[in-house]
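Trainee: Use these hints to put chain B onto chain A, whose structure you have.
Going down the list, the protein sequences come from chains A and B. For the first sequence, my numbering gives the first residue as 1, with consecutive numbering after it. For the second sequence, my numbering gives the first residue as 1, with consecutive numbering after it.
If you are wondering where the hints come from, they were derived from the structure by calculation, not from laboratory data.
Covered stretches of chain B (chain A as the covering partner; in silico rule of three or more C-beta atoms under 8 Å from a C-beta of chain A): (1) 32-42; (2) 102-110.
So, partial list: chain A residues that the calculated Cβ filter (under 10 Å) puts toward chain B: (3) 31; (4) 39; (5) 45; (6) 90; (7) 97; (8) 100; (9) 101.
All C-beta atoms, glycine included, are put in the ideal place defined by N, C-alpha and C.
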Amino acid sequence: TQLLEQSPQFLSIQEGENLTVYCNSSSVFSSLQWYRQEPGEGPVLLVTVVTGGEVKKLKRLTFQFGDARKDSSLHITAAQPGDTGLYLCAGDNQAGTALIFGKGTTLSVSS
Amino acid sequence: GAVVSQHPSRVICKSGTSVKIECRSLDFQATTMFWYRQFPKQSLMLMATSNEGSKATYEQGVEKDKFLINHASLTLSTLTVASAHPEDSSFYICSARDRRTPSDTQYFGPGTRLTVL
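Excised from the complex, chain A in its bound form (with noise of 0.2 Å):
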């Protein structure tokens, strides 16, 4: 059974302050995605990891992948209160399988 370990499980932090969020896993992923939820909505895709090694940002948000492609992590700069919220790591490994999701990281900026 492959799982993804995800951390840390809760983050509370204040405005400015970076963070980082980590995944990781034993077993190789054919790609990677990221997920942000607020309560009450659904999951809605941040970005998909598939190089390993690779690096995706999105204004302050970057996104890497492992070069073995076992572990990814989201990284956060400056974080604001509209940062928060559920954040959720899963792994691919086939077409046409379900994603193998991480614990999820629930994040709280405050001003």
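Mentor: Relative to chain A, chain B alone:
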């Protein structure tokens, strides 16, 4: 990105009634859709894989007679919670793979909040 809709967004029902939730892919065809259940501040738990034109594949521990899935067309999957009880109260989310994208990106619906009294 692609759009997946769910209906209804919120339902409150009495114990013992059946509730149907619809999941539609609005601008693409989806041979495979997925149904998840989510508890507060937790990640998504896969319930079943819905395959167009064939039987759904259920995850271990999910009662197929309780959670009935029908994927009758390439754009619609339905989840029926049969004889719902308070413990079935949860947030149900569907997703669909968009095979037009290189990575078969999975898009999620907005979710359905089920409350069983």
